[in-house]
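Using the sequences and the accompanying hints, generate a full structural model.
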Amino acid sequence: MKKLLRFLYDYRDLLIFLLLESVSLSLLFNHHVQKEVKKLNSSHALIGNIYELMTDLRMHAKWKASYQQILVENASLREYILQQQEMIEKQGSMEQPTTRQFDVIPAQVINNSIICTKNYLTINKGTNSGIAPGMGVITKDGVVGRVKAVSEHFATIISLLHTDIHISAKLASSGVMGTVRWLGHNPRQVNLLYIPRHLTIEVGDRVVTSGYNATFYDGVTIGKVSHVKLDKAAMFYEILVDLSTDLSALQHVYVVKNHLSREQDSLEQITKAYYE
Amino acid sequence: MSKRNTWLIQVANLVGYLTLQLVINQAIVSFHQAYFVYIGFFLFLPWTRSNMIWQLLLGFGVGLLVDVFYDSLGIHTFAAVLILYLRNFLLYLLLPPGSSHLVTIRPTLRNMGVQKFALYVLFLTTLYHLVVFTLDTYSFHFFFANLPQLLLSIIVSYLFIFLSRIFMGAIGSTRSK
Numbered sequence: 001m002k003k004l005l006r007f008l009y010d011y012r013d014l015l016i017f018l019l020l021e022s023v024s025l026s027l028l029f030n031h032h033v034q035k036e037v038k039k040l041n042s043s044h045a046l047i048g049n050i051y052e053l054m055t056d057l058r059m060h061a062k063w064k065a066s067y068q069q070i071l072v073e074n075a076s077l078r079e080y081i082l083q084q085q086e087m088i089e090k091q092g093s094m095e096q097p098t099t100r101q102f103d104v105i106p107a108q109v110i111n112n113s114i115i116c117t118k119n120y121l122t123i124n125k126g127t128n129s130g131i132a133p134g135m136g137v138i139t140k141d142g143v144v145g146r147v148k149a150v151s152e153h154f155a156t157i158i159s160l161l162h163t164d165i166h167i168s169a170k171l172a173s174s175g176v177m178g179t180v181r182w183l184g185h186n187p188r189q190v191n192l193l194y195i196p197r198h199l200t201i202e203v204g205d206r207v208v209t210s211g212y213n214a215t216f217y218d219g220v221t222i223g224k225v226s227h228v229k230l231d232k233a234a235m236f237y238e239i240l241v242d243l244s245t246d247l248s249a250l251q252h253v254y255v256v257k258n259h260l261s262r263e264q265d266s267l268e269q270i271t272k273a274y275y276e
Numbered sequence: 277m278s279k280r281n282t283w284l285i286q287v288a289n290l291v292g293y294l295t296l297q298l299v300i301n302q303a304i305v306s307f308h309q310a311y312f313v314y315i316g317f318f319l320f321l322p323w324t325r326s327n328m329i330w331q332l333l334l335g336f337g338v339g340l341l342v343d344v345f346y347d348s349l350g351i352h353t354f355a356a357v358l359i360l361y362l363r364n365f366l367l368y369l370l371l372p373p374g375s376s377h378l379v380t381i382r383p384t385l386r387n388m389g390v391q392k393f394a395l396y397v398l399f400l401t402t403l404y405h406l407v408v409f410t411l412d413t414y415s416f417h418f419f420f421a422n423l424p425q426l427l428l429s430i431i432v433s434y435l436f437i438f439l440s441r442i443f444m445g446a447i448g449s450t451r452s453k
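First to last, the sequence lines map onto chains C and W.
Going by this note's numbering, the residue at position 66 of the first sequence is 66; the numbering climbs one at a time, nothing skipped.
With positions in the second sequence counted from 1, the corresponding number in this note's numbering is that position plus 276.
I should point out that these hints are in silico values taken from the structure, not numbers from a laboratory.
Watch out, some of these pointers could steer you wrong.
[Claimed, not checked] Among the chain W residues that face chain C by a calculated CB cut under 7 Å, a handful are:
| # | residue |
| --- | --- |
| 1 | Met-328 |
| 2 | Ile-329 |
| 3 | Trp-330 |
| 4 | Leu-332 |
| 5 | Phe-345 |
| 6 | Leu-349 |
| 7 | Thr-353 |
| 8 | Phe-354 |
| 9 | Asp-412 |
| 10 | Phe-436 |
[Unchecked claim] Example chain C residues on the side facing chain W (calculated, C-beta under 10 Å, incomplete):
| # | residue |
| --- | --- |
| 11 | Ile-16 |
| 12 | Tyr-120 |
| 13 | Lys-148 |
[To be verified] Pairs of lysine to any residue residues, derived as SDA-like cross-links and limited to a Cα-Cα distance of at most 20 Å, are as follows:
| # | chain 1 | residue 1 | chain 2 | residue 2 |
| --- | --- | --- | --- | --- |
| 14 | C | Lys-257 | C | Lys-118 |
| 15 | C | Lys-118 | W | Thr-324 |
| 16 | C | Lys-118 | W | Leu-406 |
| 17 | C | Lys-229 | C | Leu-199 |
| 18 | C | Lys-118 | W | Leu-349 |
| 19 | C | Lys-148 | W | Val-344 |
| 20 | C | Lys-118 | W | Leu-423 |
| 21 | C | Lys-140 | C | Lys-224 |
| 22 | C | Lys-118 | W | Thr-410 |
| 23 | C | Lys-118 | W | Tyr-434 |
| 24 | C | Lys-118 | W | Leu-298 |
| 25 | C | Lys-257 | C | Pro-106 |
Keep in mind that this is a model prediction, so the values were computed, not measured.
Note that the Cβ used here is the ideal one computed from N, Cα and C, for glycine as well.
Printed below as a string of structure tokens:
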């Protein structure tokens, strides 16, 4: 016993070192531990406040440009509304009364990263503004990501540049469905997977969200096909897509709130459960 | 220098380096580069042979804090504890023999000389970035694809840490006059 204590005492530095390293590695790799410490991320109020302060400082110079950008965007949105109204008027009484399904919540990006293979953003809106985990995040140019964690005033978003995020997509011209996933190094390009080889794909085709899940609505732009490759033995095309959003320069984003997501999801779950 | 004074200076150091780290990474937004300048805090911690455990625990705490900022739980914690542990051996090699167990030494430019100091900072900065990049990507495919960026990150961080130390040294010497 005495010897054991002596041993522990003599090697206390090494033992503490090994203990701390194994704790950090379990934080990194063990999903069970990750669940327990889920609250430790940048949507935490204190960290969010620090990031917001820094963004305010940095943005001060860019304020004017940002204001201009909002004005332009506002204008184009108004135009869009007008067009829609005109269309509705033309259709006249054909218009069916439908529940309004999607709400858009504007937010400012206060922290952003593109340097890792698993990137996250932080925005300055949280549960107070009605944001919940799982909602989609877009800009006027296209898809940004999906909400991961929310606190009262902040939310962390899994960026599109995250190797674990998969987004259901389709080709705008043909409507063929696939999955968009990031490769992990070029922040301007993503992969479009599972497009079967019997189809013809053209460079320049627009890739948009499919609307087959409750996160995004149908037809949000993701990017343009920039490179198509088909190996002789491959089942699927290898397609590279140039992103339409510059994820390194995000300032304002919109969180898409789907009022009917729970209904859609639970109906799909029930159907699945019934047939399996 | 009184003991209380040392504490205050170290806390100020920590806050200063973390701010510098955040400011640099928010100001220089470019592809795939990460500058981990805050490790300057670890590099210039006063060093004694006997307080190893406290240093490791401190490294763990600060690493965890940085991880929370970057949503990378575990990566910086691991790297911080690692360089604090290896720093111990490196200083043992680099500092003059005969420095006793109980004397506190600050690994600064003035105490070490340019050559040893440069080597010391370079070794630990490189190691830190290597560990963080490898843990972040954990695959060698990405590792080689990102090699130029890694090198650039190391060089920039190295310069910033070196300059920050010279700057702080200058402040220190004017205060003592």
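Now for the hints, and whether the structure bears them out:
Interface restraint check: Met-328 (chain W) against chain C, minimum CB-CB distance 4 Å, threshold 7 Å, status holds. With a least beta-carbon distance of about 5 Å to chain C, the hint placing Ile-329 (chain W) at the interface is held under the 7 Å criterion. Of the supplied interface hints, the one on Trp-330 (chain W) is violated, with its beta-carbon coming no nearer than about 10 Å to a beta-carbon of chain C, more than 7 Å. Given hint, Leu-332 (chain W) at the interface with chain C, holds; its Cβ is 5 Å from that chain's nearest Cβ, closer than 7 Å.
Proximity of Phe-345 (chain W) to chain C holds as hinted, the smallest CB-CB distance being about 6 Å (cut-off 7 Å). For the restraint placing Leu-349 (chain W) at the interface with chain C, the shortest Cβ-Cβ distance is roughly 5 Å, inside the 7 Å limit, so the hint holds. The interface hint given for Thr-353 (chain W) holds, since its Cβ lies 4 Å from the closest Cβ of chain C, which is under the 7 Å cut-off. For Phe-354 (chain W), the interface hint holds, since its Cβ comes within 7 Å of a Cβ in chain C; the closest pair sits about 4 Å apart.
About 5 Å separates the beta-carbon of Asp-412 (chain W) from the nearest beta-carbon of chain C, less than 7 Å, and the hint is met. Because the closest C-beta pair between Phe-436 (chain W) and chain C is about 16 Å apart, greater than 7 Å, the hint is violated. For the restraint placing Ile-16 (chain C) at the interface with chain W, the shortest Cβ-Cβ distance is roughly 5 Å, inside the 10 Å limit, so the hint holds. With 10 Å as the threshold, the beta carbon of Tyr-120 (chain C) comes within range of chain W, its nearest partner Cβ sitting at about 4 Å, so the hint holds.
Given hint, Lys-148 (chain C) at the interface with chain W, holds; its Cβ is 9 Å from that chain's nearest Cβ, closer than 10 Å. For a cut-off of 20 Å, the pair hint linking Lys-257 (chain C) to Lys-118 (chain C) is broken: about 24 Å separates their Cα positions. In summary, the hint linking Lys-118 (chain C) to Thr-324 (chain W) is not supported, as the alpha carbons are separated by about 38 Å, beyond the 20 Å threshold. Of the pairs offered as hints, the one joining Lys-118 (chain C) and Leu-406 (chain W) holds, with about 17 Å between alpha carbons and a cut-off of 20 Å not exceeded.
A threshold of 20 Å between alpha carbons decides the hint, and for Lys-229 (chain C) with Leu-199 (chain C) the separation of about 12 Å falls inside it, so the pair holds. Between Lys-118 (chain C) and Leu-349 (chain W) the CA atoms are separated by roughly 12 Å; this keeps the pair inside 20 Å, and the hint holds. For the hint pairing Lys-148 (chain C) with Val-344 (chain W), the CA-to-CA distance comes to about 15 Å; that is within 20 Å, so the pair holds. Under the criterion of a C-alpha separation no larger than 20 Å, the hint pairing Lys-118 (chain C) with Leu-423 (chain W) is consistent with the structure, at around 18 Å.
Restraint check for Lys-140 (chain C) and Lys-224 (chain C): satisfied, since their Cα atoms lie roughly 15 Å apart, inside the 20 Å limit. Taken as a hint, the Lys-118 (chain C) and Thr-410 (chain W) pair is honoured in the structure, with Cα atoms around 13 Å apart against an allowance of 20 Å. Note on Lys-118 (chain C) and Tyr-434 (chain W): the hinted pairing is violated, with a Cα-Cα distance of about 25 Å set against a maximum of 20 Å. Using a Cα cut-off of 20 Å, the hinted pair Lys-118 (chain C) and Leu-298 (chain W) holds, with the two alpha carbons roughly 19 Å apart.
Pair hint Lys-257 (chain C) plus Pro-106 (chain C) holds up; C-alpha atoms about 11 Å apart against a cutoff of 20 Å.
Hints 3, 10, 14, 15 and 23 from the earlier list are contradicted by this structure; the remaining hints agree with it.
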